[in-house]
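Based on the hints, put chains B and C in the right spot on chain A.
Now for the letters of each chain:
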Amino acid sequence: MTTTALSQSAGPAPDGARQSGPRRRARRSGRHDALPLLLPALLPIAIFSVFPLLQGIYLGFTDSRAGLNQVTHFNGLDNYRQLADNQLFWSSFKIGLIWAFSVTIIQFVAGLGLALLLNLDLRLRWFARSLALVPWAMPPVVVAIMWRLLLNPNSGPINTLARDLGFSGNFNLLGDFSTALPAVIVVGVWAGMPQTTITLLAGLQAVDGALYEAAQVDGAGALRRLWYVTLPSLRPVIAAITALDFIWNFNSFGLVYVLTNGGPGGKTMLPMLFAYNEAFRYGHFGYAAAMGNVAVIIVIGLLFFYLRSRLKESR
Amino acid sequence: MKTRYAVGTAVLVAGLALSGCASSTQSDNGGDGGDSSGPVTLTFQSLAFQAPTIAATKKIVAEWNASHPDVHVQYVQGSWDSVQDQLVTQFQGGTAPDIIQYESAAMTAFADQGYLADLTPYLSDDVKSAVSPGVWKTVTVDDKIIAAPTLLQSYLVFANTDKLKAAGIPVPTGASWSWDDFQAAAKATTTGATYGVGWGLSSPTASMVSMGMNFGATFFEGTGSAATISIGEPELALPEMIHAMAYDDKSIDPVSLSQSGGDVLPAFVHGKYAMTVQGSYAAQSILDTAPADFHWAVLPPLAADSASQSANPQTLSVAAESANVKEAAEFINFAMEPKNLAAVAEGDWLIPASSTAAAAVESDTGGANGWHQVLASGSDLTEAPYQSVAAYPQWKDQIATPAFQQYFGNKISLDELKSKLTEGWSQVSGG
Amino acid sequence: MSSVTARPAARAAQYVALGGYLVFLGFPLVWLLSTALKGTRELGSIAPSLIPKHPTLGNFSSAVDQANLLQAGRNSLTVAAATTVLVVVLALPAAYALARFKTWLRPVTLSWILVGQVFPVILVVIPLFLILKQFQLVDSLTGLTIVYVVYTLPFALWMLQGYVQGVPRDLEEAGAIDGASRLRILVSIVLPLLRPGVVAAALFTFISAWNEFFFALVLIQDPTKVTLSLTLSRFVGAEGQVQLGALAAGSLLATIPSLVFFMIIQRRLTSGLLSGAVKG
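Residue numbers (the working numbering), protein chains in the order written: chain A, 4 to 318; chain B, 3 to 433; chain C, 1337 to 1616.
If you are wondering where the hints come from, they were derived from the structure by calculation, not from laboratory data.
Ideal Cβ placement from N, Cα and C applies to all residues, glycine included.
One or more of the hints may lead you astray.
[Stated by the list, open to error] Okay, derived cross-link-like pairs now, DSS-like style, lysine-lysine, Cα gap no bigger than 25 angstroms in a straight line:
1. K252(B) with K189(B)
2. K60(B) with K341(B)
3. K1389(C) with K274(B)
4. K1438(C) with K61(B)
5. K189(B) with K413(B)
6. K130(B) with K146(B)
7. K341(B) with K130(B)
8. K328(B) with K130(B)
9. K167(B) with K189(B)
10. K422(B) with K97(A)
11. K252(B) with K413(B)
12. K61(B) with K130(B)
13. K328(B) with K139(B)
14. K413(B) with K97(A)
15. K60(B) with K1561(C)
[What the hints assert, rightly or not] To spell it out: a stretch of chain C is covered by chain B in this simulated footprint if at least three of its residues, at any positions, have a beta carbon under 8 angstroms from a beta carbon of chain B; those stretches are:
16. 1467-1476
17. 1547-1559
For reference, chain A alone in the conformation it holds in the complex:
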């Protein structure tokens, strides 16, 4: 399902050259020609990407840990039994879900709003479009540093603004228990705006203009047009980008690592930060991989139900 949606939204459309020529003409020759061309690219992927991944999944069923001359043993489901009792992990998992859902949903709503505006004939449209893409070109580490400056309790403008509005005292938005996660979510939305906005914009531009005209003839207002024409036409694009955003957000690491490193008091400890610490601070490699496996299974489960329901709707 993602496949169809993706190829619609992400398929490159190099200037005009695309449509010419019948697409499925009989292929001239078979794999004997294809393989030598493909191998140099695919072999490294197999060795440094597919193979480690398979091994990583296996690692989740072992007691691999740091230590000189440690021998690793297969230990079946031991890690998972231990994980089931690990409240810290589950609370981190819950934070991960809150983070991923919030960022994805806000990103979607904000991205759709911006995409709709960019699809109109407004002045400054080119400027807004470039600006909307800038976060993508910035290293996540830099995005995190930038927001740390903005939210700095002593010299950050957000604090000054709050004081000007009559709130007293200082706010350490990233350091306070109740505001840290919301603050980090806002940064996540900022950093993830580009891909969402641009995908939705591409989807919007592909909506058949005749549909709008028909709707207008029927006397539909802007909101009704959005609801009855735009959103249904965008359905596959929306399903694809929200699903991808969710995965990316759930697996995100660098941004929050630099923003808060999981603090204060573990309030922003995303699952990947938690697993990273388990592996690279405490040296429990097998256990950390098991956390990764659990995350994958739950994310795939959520996606399955989400995409299935989306698909049903669109039928």
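Below, chains B and C alone, put in the same frame as chain A:
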């Protein structure tokens, strides 16, 4: 063209086969090729971060290299923030530096994993006799000395003396200063926009287990993996007092509690706080950044039942996989010489673990700029129970730090703090 | 394409909304620039202003001195450039094969791009670390380059094969009738037509490698081999007094190359191209 593909494929297939053996995490020695004849190169990862300390450390390395043509030491810059993850990775990857700077509380875990060389046969008698037995205990694992203790940190009160005077409080002198007087002074200096105290406690656990000793806190009983937690009145006395100062007296800025010590310093030197509790090394930053008209002093060590704080020395260790353990240990002996250790200590405002080096610092500085108080606080530093507890680092990160942060953020009660600290222990000690 | 004309009130609301977006997206960038230009004294003040009262470039030089920026910048550049070249060299023939030949590898490649997203890097990184260790490639820029190549290749491949499909087959066949060799056809006819695609894939790869953080964090420990993201992330937590100005200046410097490339890519790319790509 075909042959090129064939060669490329063969190389990659060989790689695949090789990496098939990678599933066991054992390290078969990356092979530094250390044969004992000919010049040897040792890497030394230093965590020095203040300019004078970096300079002093580099000077020691340069002097060593000048006098030891056959053993070359290479200075590598590390950082306190990332050293834990870095060492886990480096030990695992067989790329650890030969000479490693860190702290005893963390090094014992690496020693348990077999990554550290036993220095007992290599350390010189001068080094062994200059450091007190209590401090040696903090770096001894299974009767093996796994590190040389270099510098010790104590927590001290830094005061803006103008603010104290304005509140009519004489700058305290004497061997120690009671927590009650500290609390009263904080209250008296809290006026308008000024808080009595700014205390960067974003990483609270080290301060609590160390300064808690003032109130008789031990936190743990037993050692190694048999250790058990014990949280009672002595352990909770200090957190309770800080909480009361922040939320009842309102003499500690609660925002500062969520910041790091370094974040609080600029506000202190710009007059926002009358006092701040910091590691002794903050003196260097104050000297560097305070405006010219800023008057400050280091106050005597805080005390309740005692002025004891835990000794968690910085350390120098040698990687077990180093090809030149003996030479590396000799460099450590060299770095521990009074003159050298004193130079590093002066840069960081830390207390030398070696008594001969401490004497050198006292005579170099004449006790000025608070040095006298800093050095005096060294005698209060003793071994603490937590240092021999295997799961302490994980308890600290995952349980104690969040729990203290929540308590200092006024999110949970003292009872909840107690139960979190206690129950959390079973989470980490089981794994 | 909305051919519907809006009423003035609606139009005004649209501009207000757009203005809101511009502030949200743009203000953080402006503040970063402003902080980078402020002196220590001004940064310490309780009421910061947006426009520096005494702009200074001092932060840039202290960032370069203290955060090891020059060396890190060289490392980042080396790794990102090497990754880009390798990816293009490896992806071009493979993309051609994927687009022109019927092979089971086609659906497999696409599935891998999608499936690869779901698995968190933590699963990959531990075995990857051990594999690189066997090759003595831990703590090495070569090792990091290999990792980046492998993780940006699938998407570059997919992007390029889309462009290859856009090249009319008739052109190649016409060349074949003229008796030109296969290689010649590819180099003289197909390749020039693929140029926009190659540029797009190359820039995409460069930016991904330039911005990457996680693999660098785990694989690089030697301070002489750190990348910009890595050195900046360590500068953030530096002990003692946090130097906000230098931090901002360093961040700004680290962003410039990818921003410049981005400006190029942005003009070249049709918007659809970016959509699936950006985090890949």
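A quick look at each hint next to the structure:
Taking the CA atoms of K252(B) and K189(B), the gap is near 8 angstroms; set against the 25 angstroms cutoff, the hint holds. At roughly 14 angstroms between alpha-carbon atoms, K60(B) and K341(B) fall within 25 angstroms of each other, so this suggested pair holds. For a cut-off of 25 angstroms, the pair hint linking K1389(C) to K274(B) stands: about 23 angstroms separates their Cα positions. For a cut-off of 25 angstroms, the pair hint linking K1438(C) to K61(B) is broken: about 66 angstroms separates their Cα positions.
At roughly 23 angstroms between alpha-carbon atoms, K189(B) and K413(B) fall within 25 angstroms of each other, so this suggested pair holds. Between K130(B) and K146(B) the CA atoms are separated by roughly 13 angstroms; this keeps the pair inside 25 angstroms, and the hint holds. Taking the CA atoms of K341(B) and K130(B), the gap is near 16 angstroms; set against the 25 angstroms cutoff, the hint holds. With a C-alpha separation of about 16 angstroms, the suggested pairing of K328(B) with K130(B) holds against the 25 angstroms cut-off.
For the proposed pair K167(B) and K189(B), the alpha carbon gap of about 14 angstroms is at most 25 angstroms, so the pair holds. Between the alpha carbons of K422(B) and K97(A) the distance comes to roughly 19 angstroms, so the proposed pair stays at or under 25 angstroms and holds. Using a Cα cut-off of 25 angstroms, the hinted pair K252(B) and K413(B) holds, with the two alpha carbons roughly 16 angstroms apart. Simply put, K61(B) and K130(B) have alpha-carbon atoms about 24 angstroms apart, close enough for the 25 angstroms limit, and the pair holds.
Pair hint K328(B) plus K139(B) holds up; C-alpha atoms about 22 angstroms apart against a cutoff of 25 angstroms. A hinted pair counts as satisfied when its Cα atoms are at most 25 angstroms apart, and K413(B) with K97(A) qualifies at roughly 19 angstroms. Only pairs whose Cα atoms come within 25 angstroms are accepted, and K60(B) paired with K1561(C) is accepted, the gap being roughly 20 angstroms. Only residues whose C-beta sits within less than 8 angstroms of a C-beta in chain B count toward coverage, and the stretch 1467-1476 of chain C has 7 of them, enough to reach three; the restraint holds.
Remark: the stretch 1547-1559 of chain C is confirmed as covered by chain B, as 5 of its residues place a Cβ nearer than 8 angstroms to a Cβ of that chain, reaching the required three.
Checked against the numbered hints above, the structure violates only hint 4.
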